[in-house]
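Protein chains: 2
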Amino acid sequence: MGTQRTIGVDVGGTKIVVGLVERDGTIVRVERYATPVGSTEAFLAGLSSAVESLQDESVAAVGIGLPSAIDQRSGTVVFSANIPLAGLDVRSWAAEAFGLPAAIDNDANCAALAEWRAGAGRGTTDMVMITLGTGIGGGLILGGRLYRGWIGAGAEVGHIVVDADGPLCQGHCTGRGHLEGFASGRAVEAAARRVLGPGAGTPELVAAARQGSGPAREALAAAGRWLGAGIASLVNLLNPELVVIGGGFGEAFDLLIDPVREIVARDGLAPARDVVRIVPAELGAAAGVIGAALVGFEALDGAGVPAARG
Amino acid sequence: MGTQRTIGVDVGGTKIVVGLVERDGTIVRVERYATPVGSTEAFLAGLSSAVESLQDESVAAVGIGLPSAIDQRSGTVVFSANIPLAGLDVRSWAAEAFGLPAAIDNDANCAALAEWRAGAGRGTTDMVMITLGTGIGGGLILGGRLYRGWIGAGAEVGHIVVDADGPLCQGHCTGRGHLEGFASGRAVEAAARRVLGPGAGTPELVAAARQGSGPAREALAAAGRWLGAGIASLVNLLNPELVVIGGGFGEAFDLLIDPVREIVARDGLAPARDVVRIVPAELGAAAGVIGAALVGFEALDGAGVPAARG
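Residue numbers (this note's numbering), protein chains in the order written: chain A, 1 to 310; chain B, 1 to 310.
Honestly, I wouldn't trust all of these hints.
[To be verified] Pairwise CB distance ranges, derived in the manner of DEER restraints:
| hint | chain 1 | residue 1 | chain 2 | residue 2 | range |
| --- | --- | --- | --- | --- | --- |
| 1 | B | D301 | A | E282 | 50 to 60 Å |
| 2 | A | A190 | B | R277 | 34 to 44 Å |
| 3 | B | T26 | A | T125 | 29 to 39 Å |
If you're looking for bench data, these hints aren't it; they were derived computationally from the structure.
Note that beta-carbon positions come from the ideal geometry of N, C-alpha and C, so glycine has one too.
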């Protein structure tokens with residue numbers, strides 16, 4: 001038997017990234033395809049051909065990362081913002097479609113698994129990953145394993161309450177004062193428009209801050225203070241060794257970290273606040289496909305995430 | 001070899017409760033002593049004689065629950081509000097003093113372990129315990145084990161931030177807007193004085209609410225809404241099957257639960273918010289001594305909490 005690899009599938013709202021990946025997280029080959037979102041059938045057909053483009057005799061399992069809330073008891077998507085998947089048992093579908101062990105997971109959990117096994121969190125046992133993108137996702141490594149919650153719906157770091165009865169949350173969420181409403185890329189867009197004009201977005205705000213704009217730096221510092229309040233809650237609740245900050249907006253780590261540390265020092269309890277390290281992610285956007293492939297290895301090994309057999 | 005029991009020690013600011021306890025959490029015998037707080041030496045002498053009052057040939061280990069922040073790497077108390085223990089390796093001291101395997105833990109972790117093994121959480125794998133007392137403590141059962149955090153300083157449920165930059169927290173905490181400042185017994189005392197006069201406390205407020213006082217019911221509902229925001233954060237982050245509410249102020253469960261559920265329904269994400277159950281604790285004040293004894297069984301078994309050998 002030769003080297004076993006898995007195919008990781010990182011499903012986004014606009015593209016599907018598939019990777020042939022080794023057990024240590026090394027990407028052997030990667031392909032990108034547009035995400036068909038017109039219908040469930042079109043999406044699944046696109047997913048099939050994406051995976052098949054990498055399938056060879058080394059492939060022992062498939063792991064799929066979805067931008068969705070998942071019920072791991074049934075392998076079913078409960079909520080999916082951009083792709084018509086709600087109610088679908090994607091896990092069983094994949095096992096049957098590819099004739100291989102298959103598992104699915106939330107994309108933020110995949111990113112956490114990747115950073116833990118192959119990125120900034122290597123060697124730790126207790127790590128929180130925060131993915132700052134348009135929204136905020138998260139993943140929890142607790143006691144040396146990815147903790148998904150009772151039915152796989154945990155680690156929604158963007159939806160911890162930092163301002164009870166505060167502004168209505170984003171998207172489909174009916175909550176108020178959630179972290180995502182203050183410290184996500186989308187939350188910062190309003191500040192970008194205010195500081196730089198109606199056409200500006202988060203990338204321009206970050207660039208302006210790096211160029212020395214005081215108002216831009218202050219807007220990002222405000223987001224960093226909110227993020228610090230959320231991280232303080234995580235530190236007090238979970239006492240992690242490491243907090244890893246990734247995602248597209250997370251690339252502004254250098255502009256966010258001082259206010260984050262200021263609030264963690266104030267709102268964190270000793271000794272947890274004194275031992276935690278807060279670092280940037282290392283794998284960038286590749287974390288999604290690497291982590292999905294590592295979920296595939298969990299399916300292969302029958303450990304960690306629930307799996308279906310092909 | 002006969003039945004193995006452990007001695008559990010529940011150390012409080014005013015009394016030390018010691019219990020001879022079976023593996024299933026059954027208390028065989030229990031004694032209460034005043035807590036000597038004049039000096040570390042006096043405290044340890046009192047702790048010794050309390051344990052020795054129950055020691056017999058069935059006793060295989062000792063577990064001690066402390067109202068303290070603990071660093072489990074060293075067995076050392078990091079912070080202790082009422083008892084002069086900071087910097088002391090209580091675990092090694094106990095193993096040597098009693099000639100038995102010994103372990104220590106935070107009192108709220110002990111209560112969680114007790115409710116999980118012998119109380120409201122029996123049979124669950126993913127449970128959050130919230131102890132509403134003068135302050136707010138907590139314990140996390142995640143994936144079928146008590147999760148203490150990287151160095152044992154986690155589960156500080158009272159110190160999750162629900163109102164960033166809000167009022168200064170209680171006691172030694174330098175944080176702002178922590179849950180404990182809004183939903184603990186001490187936080188409700190101000191409302192009790194406002195509603196019932198300067199001599200009133202939380203018990204009178206709860207009694208007045210049960211007798212139908214509108215202002216008293218409203219004050220407790222406000223605390224329940226804050227608690228709901230905290231529980232929503234826990235639900236979104238940890239996706240527990242069960243949330244157990246205990247502690248002295250937790251006996252007002254019936255007056256708090258409707259506003260708690262209202263906010264969890266609003267601020268919680270599907271599917272986690274739809275599957276969680278929120279229930280009252282079953283063991284009352286006995287949870288502390290039972291849980292400490294169960295920590296003793298963990299020391300005996302060499303699993304769970306770090307232990308010292310006598």
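Here's how the hints hold up against the structure:
1. Here the CB-CB span from D301(B) to E282(A) is close to 38 Å, at odds with the stated 50 to 60 Å.
2. In this structure the hint that A190(A) and R277(B) lie 34 to 44 Å apart at CB holds, the actual value being about 38 Å.
3. A C-beta distance of roughly 34 Å is found between T26(B) and T125(A), which places it inside the suggested range of 29 to 39 Å.
Taken one by one, the earlier hints fail for this structure only at number 1.
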